[in-house]
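Protein chains: 2
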Amino acid sequence: MQIPEGLKYDRDGLIPAVVQDDTNGEVLMVAYMNKEAVEATLKTGRATFWSRSRQKFWIKGETSGHFQFVRSLSVDCDQDCLLLRVEQVGAACHEGYRTCFFRQISDDGETLATHGTPLTDSY
Amino acid sequence: MQIPEGLKYDRDGLIPAVVQDDTNGEVLMVAYMNKEAVEATLKTGRATFWSRSRQKFWIKGETSGHFQFVRSLSVDCDQDCLLLRVEQVGAACHEGYRTCFFRQISDDGETLATHGTPLTDSY
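So the sequences go chain by chain: A and B. Residues 0 to 122, numbered by numbering that gives the first Met the number 0, are exactly what the first sequence covers, in order. Residues 0 to 122, numbered by numbering that gives the first Met the number 0, are exactly what the second sequence covers, in order.
None of these hints come from the bench; they were simulated from the model. The reader is advised that the hints may include incorrect statements.
Claimed, not checked - To list a few chain A residues with every Cβ distance to chain B over 12 angstroms, as calculated:
| # | residue |
| --- | --- |
| 1 | 12 |
| 2 | 55 |
| 3 | 58 |
| 4 | 61 |
| 5 | 62 |
| 6 | 64 |
| 7 | 86 |
What the hints assert, rightly or not - Straight line, CA to CA, 25 angstroms or less: simulated SDA-like cross-link-like pairs of lysine to any residue:
| # | chain 1 | residue 1 | chain 2 | residue 2 |
| --- | --- | --- | --- | --- |
| 8 | B | 34 | A | 111 |
| 9 | A | 55 | A | 45 |
| 10 | A | 55 | B | 8 |
| 11 | B | 42 | B | 54 |
| 12 | B | 7 | A | 25 |
| 13 | B | 42 | B | 3 |
| 14 | A | 7 | B | 107 |
| 15 | A | 34 | B | 110 |
| 16 | A | 55 | B | 77 |
| 17 | A | 7 | B | 94 |
| 18 | A | 42 | A | 21 |
| 19 | A | 34 | B | 52 |
| 20 | B | 7 | A | 13 |
| 21 | A | 42 | B | 110 |
| 22 | B | 7 | A | 51 |
| 23 | A | 55 | B | 78 |
Even glycine gets a Cβ: it sits at the ideal position worked out from N, Cα and C.
With the hints as constraints, model all of the structure from the sequences given.
Shown next as structure tokens:
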């Protein structure tokens, strides 16, 4: 198993990864991987990132149990972004929502919470 | 119409935007917006970005005709990433594919083109 060659990391050594629910196509979150996280994701089949805020290796679900089991991994034309289709356990969002994108912005620029309430079994 | 307050831009003044096909949920591309691009997107209803490679304002489809008409705009929990659901005209990818994520990475780390061939009416 090799890290794909040609992936372009930014000046911090990171590549963004869009995480999409494989069952219904919902976009769940965007997080960042370094080379080690890409390798771990491919090796373990569990989405693994680099936490920019905590500056540490981050196995998604390690503390919450909300793992993301990777069903497929794609790279974009410029090779500077990844797309993971996953089986999401529980909520992807640390605020308890299924998706991190639970706030919709209306035409007047205000934000509206429109994607339901947090799951009861989280946090 | 106001730019949503609270959006977090990176040190280059940019925020990533995931673009998703509103009709079938396919993730089409990821691009970057500055404040001006967010405002233009909200005002015009057409996805507008900041091109990092060309360092210029970029109305998607301006030269190709492959506009993205925005159906909804969401922001994630950390307010540092946007999600656009769009009506995509033609191909999102400059290489002529419907989605920029046309290359799937296999378990051994090799990349495979798996998402069909470029649309014939583009490039």
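Here is how each hint holds up against the structure:
{"no.": "1", "hint": "12", "in the structure": "holds (15 angstroms)"}
{"no.": "2", "hint": "55", "in the structure": "holds (17 angstroms)"}
{"no.": "3", "hint": "58", "in the structure": "holds (18 angstroms)"}
{"no.": "4", "hint": "61", "in the structure": "holds (18 angstroms)"}
{"no.": "5", "hint": "62", "in the structure": "holds (17 angstroms)"}
{"no.": "6", "hint": "64", "in the structure": "holds (18 angstroms)"}
{"no.": "7", "hint": "86", "in the structure": "holds (16 angstroms)"}
{"no.": "8", "hint": "34/B x 111/A", "in the structure": "holds (19 angstroms)"}
{"no.": "9", "hint": "55/A x 45/A", "in the structure": "holds (16 angstroms)"}
{"no.": "10", "hint": "55/A x 8/B", "in the structure": "holds (21 angstroms)"}
{"no.": "11", "hint": "42/B x 54/B", "in the structure": "holds (22 angstroms)"}
{"no.": "12", "hint": "7/B x 25/A", "in the structure": "holds (23 angstroms)"}
{"no.": "13", "hint": "42/B x 3/B", "in the structure": "holds (12 angstroms)"}
{"no.": "14", "hint": "7/A x 107/B", "in the structure": "holds (19 angstroms)"}
{"no.": "15", "hint": "34/A x 110/B", "in the structure": "holds (16 angstroms)"}
{"no.": "16", "hint": "55/A x 77/B", "in the structure": "holds (18 angstroms)"}
{"no.": "17", "hint": "7/A x 94/B", "in the structure": "holds (18 angstroms)"}
{"no.": "18", "hint": "42/A x 21/A", "in the structure": "holds (19 angstroms)"}
{"no.": "19", "hint": "34/A x 52/B", "in the structure": "holds (23 angstroms)"}
{"no.": "20", "hint": "7/B x 13/A", "in the structure": "holds (18 angstroms)"}
{"no.": "21", "hint": "42/A x 110/B", "in the structure": "holds (15 angstroms)"}
{"no.": "22", "hint": "7/B x 51/A", "in the structure": "holds (14 angstroms)"}
{"no.": "23", "hint": "55/A x 78/B", "in the structure": "holds (21 angstroms)"}
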